[in-house]
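**Q** Protein chains in written order, with our numbering: chain A, 47 to 188; chain B, 2 to 129.
Incorrect hints may appear among the rest.
Cβ-Cβ distance ranges computed for the label pairs, FRET-style [unchecked claim]:
1. 122/B x 130/A: 20 to 28 Å
2. 103/B x 144/A: 18 to 26 Å
3. 71/A x 118/B: 49 to 57 Å
4. 103/B x 121/A: 28 to 36 Å
5. 102/B x 66/A: 53 to 61 Å
No wet-lab data here; the hints were simulated from the structure.
From a predicted model like this one, the values you see are computed outputs, not experimental measurements.
The C-beta atom is built at its ideal place from N, Cα and C for all residues, glycine as well.
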Amino acid sequence: MAERPEDLNLPNAVITRIIKEALPDGVNVSKEARRAISQAASIFVLYATSCANNFALKAKRKTLNAGDVMSAVEEMEFERFLQPLREALEAYKKGQKGKKEATEQKRKDKEKKITDENDKSRDEEEDEQEGENEEEEDDVEN
Amino acid sequence: MAATAPAAPAESELDRSGAEDEPRGTEPEEDGGNGQAGPTAGAQQQHRLAKLPLSRIKALMKADPDVSLASQESVFIIAKATELFVEMIAKDALVYAQQGKRKTLQRKDLDNAIEAIDEFAFLEGTLD
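Please build the complete structure, drawing on both the sequences and the hints.
**A** Encoded structure:
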């Protein structure tokens, strides 16, 4: 896809909102400052990813997981983030569990429907097959 | 294609996450919305936990050729950490604006914060 890291940035509207919510009312942010913060945020993502990936590789895993990211955040000296991140992760996991169960339930309902339909048509097929088998037996005997 | 497991071009790799998570996820595109909006479908509420779009975060992570796969949780945590980072750097830069008796945060306030604060050392020399 050839997306260079420099080309990828985070949506301005969201970055602006995060900044605004962090600062007291009445404070403004210049366009240049906003742009620099957005850029810094992208670099943060790249740096944290690289750091987290090292932890995964050290553990001989190919898949980066949440624990790797937590280790990376700590190594990058952002310990103050660890507690809020843990809490956010818990909430996220709960939400994912709910989604998973909903998807599971949908899948079960779907399967049941298909099974019911199959049973019905199978009954019909068996009736037909019995007729055919009788004919074949006649042939073999000859 | 490189012999070692590369960050494959296929979208599915990071989408399909590792052992932990359900691969399907509807990602909000831009604004994920704030946490306080009224009762919505479970899936949407879920993504209100991260303000930054997970799809964009994922795309950034994929830019690293050494990264093969990343669980959905890891993408989420990075998104959340980035949000905290933005809050932190904005507040730290504000101190310098206030020292200059200004109510508008300017680029130089960022530069000062980056120079002064250890945690931001990784940013030195990186911003345009």
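**Q** Each hint: holds or not?
**A** Checked hints:
Between residue 122/B and residue 130/A the C-beta distance comes to about 22 Å, which sits within the given range of 20 to 28 Å. With their beta carbons about 46 Å apart, residue 103/B and residue 144/A fall outside the hinted range of 18 to 26 Å. Distance hint check for residue 71/A and residue 118/B: the Cβ-Cβ separation is about 24 Å, which falls outside the suggested range of 49 to 57 Å. Range check, residue 103/B to residue 121/A: about 35 Å between beta-carbon atoms, so the 28 to 36 Å window is met.
Between residue 102/B and residue 66/A the Cβ separation comes to about 21 Å, which falls outside the hinted range of 53 to 61 Å.
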